[in-house]
Every structure is written in structure tokens, then in C-alpha cells.
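S.K.: Each chain, written out:
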Amino acid sequence: MAKRLIPTLNRVLIEKIVPPSKTTAGILLPEKSSKLNSGKVVAVGPGALDKSGNKIPVAVKEGDTVLLPEYGGTQVKLGEKEYHLFRDDDILGTLHD
Amino acid sequence: MAKRLIPTLNRVLIEKIVPPSKTTAGILLPEKSSKLNSGKVVAVGPGALDKSGNKIPVAVKEGDTVLLPEYGGTQVKLGEKEYHLFRDDDILGTLHD
Amino acid sequence: MAKRLIPTLNRVLIEKIVPPSKTTAGILLPEKSSKLNSGKVVAVGPGALDKSGNKIPVAVKEGDTVLLPEYGGTQVKLGEKEYHLFRDDDILGTLHD
Amino acid sequence: MAKRLIPTLNRVLIEKIVPPSKTTAGILLPEKSSKLNSGKVVAVGPGALDKSGNKIPVAVKEGDTVLLPEYGGTQVKLGEKEYHLFRDDDILGTLHD
Amino acid sequence: MAKRLIPTLNRVLIEKIVPPSKTTAGILLPEKSSKLNSGKVVAVGPGALDKSGNKIPVAVKEGDTVLLPEYGGTQVKLGEKEYHLFRDDDILGTLHD
Amino acid sequence: MAKRLIPTLNRVLIEKIVPPSKTTAGILLPEKSSKLNSGKVVAVGPGALDKSGNKIPVAVKEGDTVLLPEYGGTQVKLGEKEYHLFRDDDILGTLHD
Amino acid sequence: MAKRLIPTLNRVLIEKIVPPSKTTAGILLPEKSSKLNSGKVVAVGPGALDKSGNKIPVAVKEGDTVLLPEYGGTQVKLGEKEYHLFRDDDILGTLHD
Chain A
1100 MAKRLIPTLN
1110 RVLIEKIVPP
1120 SKTTAGILLP
1130 EKSSKLNSGK
1140 VVAVGPGALD
1150 KSGNKIPVAV
1160 KEGDTVLLPE
1170 YGGTQVKLGE
1180 KEYHLFRDDD
1190 ILGTLHD
Chain B
1100 MAKRLIPTLN
1110 RVLIEKIVPP
1120 SKTTAGILLP
1130 EKSSKLNSGK
1140 VVAVGPGALD
1150 KSGNKIPVAV
1160 KEGDTVLLPE
1170 YGGTQVKLGE
1180 KEYHLFRDDD
1190 ILGTLHD
Chain C
1100 MAKRLIPTLN
1110 RVLIEKIVPP
1120 SKTTAGILLP
1130 EKSSKLNSGK
1140 VVAVGPGALD
1150 KSGNKIPVAV
1160 KEGDTVLLPE
1170 YGGTQVKLGE
1180 KEYHLFRDDD
1190 ILGTLHD
Chain D
1100 MAKRLIPTLN
1110 RVLIEKIVPP
1120 SKTTAGILLP
1130 EKSSKLNSGK
1140 VVAVGPGALD
1150 KSGNKIPVAV
1160 KEGDTVLLPE
1170 YGGTQVKLGE
1180 KEYHLFRDDD
1190 ILGTLHD
Chain E
1100 MAKRLIPTLN
1110 RVLIEKIVPP
1120 SKTTAGILLP
1130 EKSSKLNSGK
1140 VVAVGPGALD
1150 KSGNKIPVAV
1160 KEGDTVLLPE
1170 YGGTQVKLGE
1180 KEYHLFRDDD
1190 ILGTLHD
Chain F
1100 MAKRLIPTLN
1110 RVLIEKIVPP
1120 SKTTAGILLP
1130 EKSSKLNSGK
1140 VVAVGPGALD
1150 KSGNKIPVAV
1160 KEGDTVLLPE
1170 YGGTQVKLGE
1180 KEYHLFRDDD
1190 ILGTLHD
Chain G
1100 MAKRLIPTLN
1110 RVLIEKIVPP
1120 SKTTAGILLP
1130 EKSSKLNSGK
1140 VVAVGPGALD
1150 KSGNKIPVAV
1160 KEGDTVLLPE
1170 YGGTQVKLGE
1180 KEYHLFRDDD
1190 ILGTLHD
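Protein chains in written order, with my numbering: chain A, 1100 to 1196; chain B, 1100 to 1196; chain C, 1100 to 1196; chain D, 1100 to 1196; chain E, 1100 to 1196; chain F, 1100 to 1196; chain G, 1100 to 1196.
A couple of the hints might just be wrong.
What the hints assert, rightly or not - Listed next, the stretches of chain G that the computed footprint assigns to chain E, with coverage defined by at least 3 CB atoms under 8 Å from CB atoms of chain E: (1) 1102–1112; (2) 1150–1160.
Unchecked claim - Estimated spans, in silico, between C-beta atoms of each pair: (3) F:K1102 - E:K1154: 51 to 59 Å; (4) A:E1169 - C:I1105: 15 to 23 Å; (5) F:K1176 - D:K1115: 53 to 61 Å.
FYI, nobody ran anything at the bench for these hints, they're computed from the structure.
Cβ coordinates follow ideal geometry from the N, Cα and C atoms, glycine included.
Using the sequences provided together with the hints, build the complete structure.
M.R.: See below:
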């Protein structure tokens, strides 16, 4: 049975987006298209505390599509699915259509 | 006779959860199921002090099931049982059903 | 389809300026003219937070032509185009005619 | 003649507890029982100063039984007896029956 | 066409002073006289921000003759001329006749 | 002619105590008795400044007998005598009879 | 023509004191007497800024005779004379007769 994870502090739980290796029309995509390192925000922590004890709001929110750094993050497995945990300040940006 | 440990500052005493190597029905589980690195919070410190001398509340509480980093923590033995001490900001998140 | 990236914190999205290898008059430029490491600011983050929780304004703005350090920055690809992400304090200055 | 040491700042003077190698009934204890790295607090410093010049109270007090990290601390000899000095934030916790 | 650079934060744009290899009277100077590592301040940034968000005034100003550290600084080329960028706190002092 | 040294900031001038190699009764002391690394405070600086510009009082005072760390400190020679300079927070404690 | 240097921030310009290799009476001094690493303060910077933007007064003043660390400092040559620049907190103390 899969468990739900609530990250601590400014940690963010990410489900990486696996790029389709074929388009819907069945054309094989060149390899470099799989280089976009993006993910979906599944859960965010309550925020770290600043030096006065106030919570610093987390820079991204649940549902955001985010650009991830090439290295870093912690791989976690919940039930059958694989996720990654990042500190919010390691996330490079949010992606929009 | 087992002693009780009260952690200092923002330290958290964890009893690691050993995944069952068999299901209750007696079926051997594949090895990877033992990879979920989780534990039960047994005791928490009073919290570290911020720069103004106020206590920073510890990010987890007694009884929480937590996700632990793969490395780190200090192994301690109290009586016959083995525990681990982590700083609360090294704990990755809390697990919920 | 190209996606739009909004950088986090004090990150700045840069499109590097590729120096022309010929002048408009068709004269080949010597190789060293390609050494000016400059770029156009395409998008800026909302700013990092200072220790009191206030946003620190980003040192450059969209549309600025900036001088970049020789090393550093993170290469990102959005659609067919290549960009670089820098922290605003790694940008050396703004260029003006 | 043994001298008395008053530690500076947040230093704590510890007398390590040597586990009995025999029980009172004379039964030899297995070697691993000597692994519990604990000590008695003999003296504590006045506390370090925070950035506003206020003293930060030391996390343990004279008479406490404490759990020590496996490494670290400074060995000192006063008279015939051997002690260890630790910063209070290196002490893992206090032990209670 | 030469571009004008406005440095970011507390960066300072310097044009190094090349010591004359001959005096005006035509006498060759010994080699060690070229060791004085000085420059002219061409442009200064607006100043870095302190932790309260206030600008820290830059320690040197345009037109100052400054003593530079032997190492460090970033070489930049604007038009045909070569300059160096230094953080103001790396500049050793100002030179006066 | 010996000069007097007033240490800067939180520096402390120490004259190391050389343990007698014989007792007053003429009995040779075993070598380990020379291991107690202690000294007499000869002069203290005015104290370092905290972040608000207030002086932090030095943790030891002139005349104190102090326990020194095994390594560190700067050896200085004033006239014919040898001294050591330590930052006050490197001094382990004060010794009392 | 010798230039005058005004150090930046908390830098201090020092003229090292070269110990006489002979006494005034013409007796050669043993080599170790040259080990006292002292100098005369020739110029001091305006002071570094603390985090609130206030100037921190420099720990030594013009004319002081100071004890210098064995390593560190930056050698500078002004006119025919050789000087050294130190941060004021690297100066060990002031020397008085």
C-alpha cells in the first residue's frame, strides 16, 4: 500500500516527467529531446524558518511543472512509484505553456 | 536495564522500521522492498535556539513515521535495542497512510 | 512546442549573444572578437528573500544586455533554443551603447 | 594536588563512565556492553554568547548522565583523573533510568 | 563599436595603468618599476545590499587611482580596450600624489 | 629591553607554566606530569566586537591560570621571554586549587 | 615620486621594523634577535562596515608599533620603500615600552 509523504521544511516531492520516446503519431523522437529535466510537484513542505522564527514560503506549489538541476535531489520510492526530493532553492524555475 | 534518552537541541531519536522479510501469508518479499528507509520517532529534543535565544520547534514529533536519508545519523544502543539519532532538518518527511 | 520558463528566486534566464563571424560587409572577423561573453536577459525570477523575509530586487531586468562570467551558469533547452541560467550576483554588469 | 577546572563558554567537563567488566555477581559481561559511550557531567561553562551579547544557557547541567559522540572531545588530565571536554552541542542527549 | 559597462552590485571596472618603460627623457627604467599594480576606476556598481536591504556604498569612486591585488579580478574586453573587474573589497587602497 | 604587548580584539597573551621536573623534595617526577598544558594570563585584549558594534567581554582575565589546547596559539618572544597568543574562545577553561 | 596610499576598509599599511644587526656599540647581535616581527602603522583604512552599515573602528592607529603574524599580509612598494598591508584583525597586538 502506497504511503503519502509530507516533506519537511522547504523540501519538495517531485514526480519526474518521462518524455515520450514516440510522438502520438508514432514517430521516434531524437535522443536529445529526453534531456529536458522536468517534473511535477506532488507535495511541498511547510517551509523552512528564517532567523526570526517565521516560515519562509516555499518557492513552488503543488501541481507546478518545474525545471530541475541535472544533479542533486534524493530518490525516494513510495509504493510502486519513484519520486525525488529537492530543496525548493535547488529548483531552477517553473515551466508554463 | 534499558535507559531512556532525551536528545539535546533538535536531535530526534528514531527506531528504524525493519520491513518484514515475509508477508503474513508467508510469501518471501523481493529484496528491494527493504529499501524504504523509514523509522518511528521515539523521542525529540527541546529544539535548538535561534539567534534571539528562542527555541525553534522540532520539525517532527514523537510517534511520527518518518522518511530518513540513506546516509547519516548516529547509531546508539540503549539496553538491547538499537536506535538512530538525527538532526530534525536531516529528516526528509513524515509518512502517512 | 516551446515552454516558457519563470526562474525561481534570483535566477536569470539568458540567451547568449552569438557574435557574427562576418561583418555585414562580408569581412571575416578575427577569432578574438567572439570572446565577448554577453547575453540578453529573457526572464528574471521574483528575487531571493533576505533574512527578514523581504524580497531582494534582482540586479538586472528583462531586455538587459549583460556581461557574463566565463564559467558557471546552467545550460537549459526550451523547445529548439538554448539558454543559460545565472544567479543575478554572478552577472558582471550591463552593457550599453 | 588535583586542580578544579571551570570550562569556558559552552564547554562541558565529562568524566566517562567505565562499564563494569563483571556484574556484581561476578559474571563476565560480553565486550559489546562497553560500547555505550556515556559520562557524568562534572562541570559546565557559563555559556557562549549569542549575537546580541546574551548568554545561551548550556544544554546540560552538572550531575547529568550524558550520551557522547563516538569521536571528538578533548582529553584533559586533572590530578590523577582523566576527563573529557565537549562543546554542549556535541553531546547527543541525557540518559535517565 | 565600444560598449559601456555598468558593473553590478559592488563590482568596479578598472583600467590598469601600464607603467612607461622609458622616462620622458628617454632613460630606460629598470624592470621592477613595472611591479606597481595600479589602475584607474572607470565605472562602479550601485553597491551590494546589506541584510536589511540597504545599499552599501562602494569603497572607491570613478576616477580614483587604486592599488590592486596581484591576483584576482576578471579580465573583460570592451571594444579594443582591456579592463578588469574587481569586487570593491578586493581593492587594497587608493593612491594619492 | 623587553616590550609590553597589548593584544588586539579577543587575543590573550599567555606565559606557559613549565612543570617542575623535580619536586621540592628532590624526587624526579614521571614524564607524564609534564602533559598538563596550562599557562598564566599575562595580558588580554579589549574584546572583539559583536555585529551591533558592542565589545564582547574576553572570557578570561589577567592572572587567571588557564588550560590550553594541545595545538594552536602563536608563539611570540618579548625580550628574553617566550609567550603564546590565543583567541579567548580557544582557551579550554580556568584552573583553580 | 612616491605616492601616498590610503588603505580601504579595515586594511592597515605597515612599515616593518628591521632590527639592527649591530648594537650602537658595534657588537654583532645573535641571529634570533631578528625574529621579532614588528612594524610601524603608517596609514589605516576608514574601517569596514558592520551589518547595519556602521563603520567598525580599526583596532590600531597611525604611529602604533604592532606585532605582526609570521605569515600573511600583502607586500606593496610605494616609491623606493617597501610596505605591507594587513587586515586589522590579523595584527596580533600593539607594543609599548
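S.K.: Decide, hint by hint, whether the structure agrees.
M.R.: Cross-check of the supplied hints:
| no. | hint | verdict |
| --- | --- | --- |
| 1 | 1102–1112 | holds (count 9) |
| 2 | 1150–1160 | holds (count 3) |
| 3 | F:K1102 - E:K1154: 51 to 59 Å | violated, 44 Å |
| 4 | A:E1169 - C:I1105: 15 to 23 Å | holds, 19 Å |
| 5 | F:K1176 - D:K1115: 53 to 61 Å | violated, 39 Å |
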